[in-house]
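Going by our numbering, the first residue of the sequence shown is number 509, and it counts up by one from there.
Keep in mind the hints are simulated off the structure, nothing from the lab. Keep in mind that the hints are not guaranteed to be accurate.
What the hints assert, rightly or not - Cβ-Cβ distance ranges computed for the label pairs, FRET-style:
#1 Glu510 <-> Glu795: 33 to 39 Å
#2 Lys581 <-> Asp811: 17 to 23 Å
#3 Met573 <-> Arg808: 47 to 53 Å
#4 Lys567 <-> Asn516: 30 to 36 Å
#5 Lys757 <-> Asn516: 40 to 46 Å
#6 Asp811 <-> Gly535: 33 to 39 Å
#7 Asn516 <-> Ser695: 46 to 52 Å
#8 Gly662 <-> Gly535: 38 to 44 Å
Virtual Cβ for every residue (Gly too), placed ideally from N, Cα, C.
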Amino acid sequence: MENKLDINNLMNAQMKAVVAKQNELAGDAFDTNVGFDELRLNYIKERAFWNEGGPEMFKTVDEVMEGPAGEFKVRYYYPVEAEKLPVIEFIHGGGYVVGNLDTHDRACRIIAELTGAAVVAVDYHLSPESKYPTNIKECALVAQFLHEHGSEKGIDGGDLSFAGDSGGAVLSMATNLWLRDEEGDNSFVKTLLLYYGFYGLVDSESRRLYGNLIDGMRKEDLDYYNQCWLNDASEQSAPYVDMLRNDLKTSMPACFVACAELDPLKDDSSCLYEVLKENEVPCEFREYKGVLHAFVHHTRMLDEANECLAESAMFWKLHHAE
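Please put together the full structure from these sequences, using the hints given.
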C-alpha cells in the first residue's frame with residue numbers, strides 16, 4: 509500500500525489550473541502504460557500549447573550533427589546580433605523517452621532572452637532505441653564542438669554552460685562529469701542550471717509522498733523510463749547515473765539546483781545541493797512551492813515557472829565568465 513499525500517489539496521491555484529488545461533489538451537498525456545510510441549505523440553500534443561508565444565529571437569538555426577548513433581539535430585538560438593556570445597547547451601527532459609526540440613522551444617527562448625547567451629538545444633536520440641550512455645556522448649560531442657569551433661558559429665567556446673529539465677538535468681550533470689572523466693577536460697563548463705533532476709536516489713521521503721498519474725511520476729513510471737534508458741539494472745549504480753556517488757568536488761562548475769515541492773525527485777535535488785555545498789562548490793538551491801514536476805514548461809500560466817527561469821538566469825549572470 510502506498511501512503512501518498514493528496515496533492516490536489518497541496519497544489520497552488522495556478523498549478524491546479526495548469527493541470528486542468530493539461531487534461532483538456534491531452535488527457536492522461538503522461539501515462540506510460542500506453543507504450544512509448546503513443547506516449548511520444550501524447551507528449552507532443554500536450555506540449556504544443558505551452559510553447560506558443562514567448563520571446564522572439566534575432567536568429568534561430570537548425571543544424572544536423574553526426575554522433576555515435578547517427579545523425580541528430582541541434583537548434584541554435586541567438587537572442588541578439590553579436591560577434592560572439594557565451595553559450596548554454598540546453599538538454600530537454602522527457603525521461604529520455606519523449607521530447608524534442610519543439611517541446612522545449614519556449615523555455616530555450618526564454619533562457620536565451622534572460623541571459624543574453626546563445627542557447628543550443630540538443631535533439632539527442634531517444635530511448636529505448638538508444639541506450640545509456642549514447643545520449644550523454646551526443647551531448648558531450650555538442651559541447652566539444654562548441655568549445656573547439658564555437659567561433660565559427662558566433663559563440664565563445666570558452667564560456668559554455670548546461671541547462672536541462674528533468675531527464676535533461678540528469679544529462680546536463682552527466683555530460684559535465686563525462687567531459688571531465690572520459691574526455692579529460694570540462695574546464696570550459698562554467699555553470700549548470702538544473703531543473704528538478706534525478707541524481708541517484710532510489711528511495712526517499714519525497715518518492716514515498718509524491719508522484720501519481722497527474723504528473724506521470726509514479727514509481728512504475730520512473731522505473732519504466734530507467735528500463736527504457738539503461739541496458740540493465742546494474743547501470744543504476746553507474747557513475748553517470750548515480751551521480752551522488754561520483755566526485756562532485758573536482759573541477760565542478762557553479763550549480764543552480766531547482767526542484768518542485770510536490771515532486772518525488774525533490775530529495776535528489778536537496779541531496780545534491782547539500783553535497784555541493786559541503787564540497788564548497790558555488791551553488792544555489794530553490795524549491796518552488798505548490799507545484800509539480802515539469803513546472804517550468806508552464807510559463808504561460810504559472811508564476812513559479814517564470815520565477816525559476818529568471819532566478820536561474822540571474823545565477824548564470826553572476827557566475828559565467830566575463
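So, going through the hints one by one against the coordinates:
Taking the beta carbon of each, Glu510 and Glu795 are about 23 Å apart, not inside 33 to 39 Å as hinted. Checking the proposed 17 to 23 Å range against Lys581 and Asp811 shows it is violated: the Cβ atoms sit about 32 Å from each other. About 31 Å separates the C-beta atoms of Met573 and Arg808, a value inconsistent with the hinted range of 47 to 53 Å. Roughly 44 Å separates the CB atoms of Lys567 and Asn516, a value that falls outside the hinted 30 to 36 Å.
Range check, Lys757 to Asn516: Cβ separation about 41 Å, and the 40 to 46 Å hint holds. Hint check: Asp811 to Gly535, Cβ distance near 26 Å, so the stated range 33 to 39 Å is violated. At roughly 47 Å, the beta-carbon separation of Asn516 and Ser695 lies within the given 46 to 52 Å, and the hint holds. Checking the proposed 38 to 44 Å range against Gly662 and Gly535 shows it holds: the Cβ atoms sit about 43 Å from each other.
Going down the numbered hints, you'll see the structure goes against 1, 2, 3, 4 and 6, while the others check out.
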